[in-house]
Amino acid sequence: MSTETLQKTPLHALHLELGARMVPFAGFDMPVQYPLGVMKEHLHTREQAGLFDVSHMGQIRLTGANAAKALETLVPVDIIDLPVGMQRYAMFTNENGGILDDLMVANLGNDELFLVVNAACKDQDLAHLRQHIGAQCEIQPLFEERALLALQGPAAVKVLERLAPEVAKMTFMQFTRVQLLGKDCFVSRSGYTGEDGFEISVPANAADALARRLLAEPEVAAIGLGARDSLRLEAGLCLYGHDMNSLTTPIEASLLWAISKVRRVEGERAGGFPGAAQVFAQQQNGVARKRVGLLPQERTPVREEAEIVDEAGTVIGKVCSGGFGPTLAGPVAMGYVDIAHTALDTPVWAIVRGKRVAMKVSKMPFVAQRYYRG
Amino acid sequence: MSELRYTEDHEWLRTEADGSVTVGITAFAQNALGDVVFVQLPELQSYEQGAEASTVESVKAASGVYMPLTGEVVAVNDQLDGSPELVNEDPLGEGWFFRFIPADAGAVAQLLDQDAYDRLIKANADA
Numbered sequence: 001m002s003t004e005t006l007q008k009t010p011l012h013a014l015h016l017e018l019g020a021r022m023v024p025f026a027g028f029d030m031p032v033q034y035p036l037g038v039m040k041e042h043l044h045t046r047e048q049a050g051l052f053d054v055s056h057m058g059q060i061r062l063t064g065a066n067a068a069k070a071l072e073t074l075v076p077v078d079i080i081d082l083p084v085g086m087q088r089y090a091m092f093t094n095e096n097g098g099i100l101d102d103l104m105v106a107n108l109g110n111d112e113l114f115l116v117v118n119a120a121c122k123d124q125d126l127a128h129l130r131q132h133i134g135a136q137c138e139i140q141p142l143f144e145e146r147a148l149l150a151l152q153g154p155a156a157v158k159v160l161e162r163l164a165p166e167v168a169k170m171t172f173m174q175f176t177r178v179q180l181l182g183k184d185c186f187v188s189r190s191g192y193t194g195e196d197g198f199e200i201s202v203p204a205n206a207a208d209a210l211a212r213r214l215l216a217e218p219e220v221a222a223i224g225l226g227a228r229d230s231l232r233l234e235a236g237l238c239l240y241g242h243d244m245n246s247l248t249t250p251i252e253a254s255l256l257w258a259i260s261k262v263r264r265v266e267g268e269r270a271g272g273f274p275g276a277a278q279v280f281a282q283q284q285n286g287v288a289r290k291r292v293g294l295l296p297q298e299r300t301p302v303r304e305e306a307e308i309v310d311e312a313g314t315v316i317g318k319v320c321s322g323g324f325g326p327t328l329a330g331p332v333a334m335g336y337v338d339i340a341h342t343a344l345d346t347p348v349w350a351i352v353r354g355k356r357v358a359m360k361v362s363k364m365p366f367v368a369q370r371y372y373r374g
Numbered sequence: 001m002s003e004l005r006y007t008e009d010h011e012w013l014r015t016e017a018d019g020s021v022t023v024g025i026t027a028f029a030q031n032a033l034g035d036v037v038f039v040q041l042p043e044l045q046s047y048e049q050g051a052e053a054s055t056v057e058s059v060k061a062a063s064g065v066y067m068p069l070t071g072e073v074v075a076v077n078d079q080l081d082g083s084p085e086l087v088n089e090d091p092l093g094e095g096w097f098f099r100f101i102p103a104d105a106g107a108v109a110q111l112l113d114q115d116a117y118d119r120l121i122k123a124n125a126d127a
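Residue numbers (the numbering used here), protein chains in the order written: chain A, 1 to 374; chain B, 1 to 127.
Think of the hints as simulated: they come from the structure by calculation, not from any bench.
Hints are supplied without guarantee of correctness; some may be wrong.
[What the hints assert, rightly or not] If you only want the chain A side, here are some residues facing chain B, beta carbon under 7 angstroms, derived:
| # | residue |
| --- | --- |
| 1 | GLY37 |
| 2 | VAL38 |
| 3 | GLY226 |
| 4 | ARG299 |
| 5 | THR300 |
| 6 | PHE324 |
[Claimed, not checked] Facing chain A, a subset of chain B residues (Cβ under 8 angstroms, in silico):
| # | residue |
| --- | --- |
| 7 | VAL37 |
| 8 | PHE38 |
| 9 | THR55 |
| 10 | ARG99 |
Just so you know, even glycine gets a beta-carbon here, dropped at the ideal spot from N, CA and C.
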């Protein structure tokens with residue numbers, strides 16, 4: 001895609017001013033790193049606070065008395081009993097139980113739900129919502145209207161409470177309306193780094209001022225997509241299109257935890273989402289392959305698409321995400337492997353440039369999550 | 001110490017007093033790669049010009065380092081095993097990759113000189 005056709009977020013000028021190296025990502029011209037560099041940006045986020053522009057992601061509002069009930073027909077997650085002021089992780093499934101996208105759903109109260117979906121999937125998600133539940137609730141895309149900032153790291157709360165003291169009381173996955181610099185924002189205590197922090201939905205025309213205000217705080221540095229990827233990988237978090245796609249189910253993706261109890265086989269509102277039968281069958285009978293954490297035992301980074309073999313050299317899987325973890329100070333990966341090789345500490349090998357690199361099936365997250373649970 | 005020569009793949013070469021040639025990647029290359037986290041050094045053997053003798057891994061991606069001229073690798077910079085960041089910190093010095101004996105000693109002088117390489121960088125920057 002040529003640069004002329006790339007979309008720009010409301011912070012585009014700021015990225016250029018900060019000296020970001022821009023790359024095309026999901027149709028947007030996005031900062032992959034700033035002059036600090038991926039390694040230092042990553043470490044800064046774990047030590048202090050990082051500000052990420054994630055305005056390319058899709059924000060969608062669902063309104064109506066039946067919105068929660070309607071959304072439940074598309075996700076294996078409890079939306080009806082999602083408390084007001086809380087957010088939950090969910091995924092859209094297809095008729096085979098494959099994952100169409102993963103998303104965050106928040107209950108704003110007053111029959112209003114607030115969704116954040118992946119940038120690359122947002123048009124498809126919007127069409128999916130309109131097709132299946134368009135008659136049952138109002139669906140309002142906020143793609144142009146709102147920007148999304150993430151403020152992540154142990155100092156994030158200290159920084160944001162200078163602008164809005166009430167955010168300090170929020171706990172992990174709480175979601176609330178907050179005035180920041182006099183503008184109506186939605187703030188959730190969540191993120192994609194494994195650290196404590198916030199995601200801030202801000203009117204597009206107020207995003208630049210808010211970002212500059214946050215960057216003016218001594219703890220905050222601008223962080224690009226490069227460090228966002230290494231942070232989420234260390235935190236064991238899935239990236240859609242890499243660690244899961246329409247051909248992988250939540251069971252294969254090791255996301256059973258995200259399927260609410262009430263929507264499972266034995267639950268009060270069991271099933272009722274696309275592909276439920278396939279997902280339940282897999283849960284009961286097991287799956288042929290599964291997503292696992294992988295720690296290379298050498299210094300060689302093992303990257304996406306690398307084949308995974310057993311001791312005999314038989315191909316048993318493929319790496320779906322991999323790279324270098326600055327906090328771990330070593331390579332880190334996740335991959336899909338045949339179920340016989342998914343036990344913790346199982347030795348497996350990746351083929352990198354024709355040579356074997358020893359890896360060990362490892363528990364995730366690789367770096368302990370530090371969410372604030374009160 | 002002789003003056004540096006360059007390739008279009010952003011490697012530098014320096015002919016040493018003993019006739020061997022030291023190879024590394026340029027400041028431009030390390031900056032473009034970003035933080036280097038691993039270097040797979042070549043084997044002590046002969047490589048054809050253009051062969052992928054070495055690989056440099058940054059946080060973001062793996063990139064090949066190609067044999068600038070046909071020759072035999074006689075030494076590698078083992079320091080990069082434990083300190084790959086030397087490639088970023090001192091690309092023209094401590095961050096060297098390997099030394100080789102070119103099959104044709106005169107070939108080094110045919111590579112880009114400083115002026116030609118500077119023009120190449122400028123052309124890249126303007127592109």
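Structure-based check of all given hints:
no., hint, result
1, GLY37, "holds (5 angstroms)"
2, VAL38, "holds (4 angstroms)"
3, GLY226, "holds (6 angstroms)"
4, ARG299, "holds (5 angstroms)"
5, THR300, "holds (6 angstroms)"
6, PHE324, "holds (4 angstroms)"
7, VAL37, "holds (4 angstroms)"
8, PHE38, "holds (5 angstroms)"
9, THR55, "holds (6 angstroms)"
10, ARG99, "violated (22 angstroms)"
In the structure shown, a violation is registered for the earlier hint numbered 10 alone.
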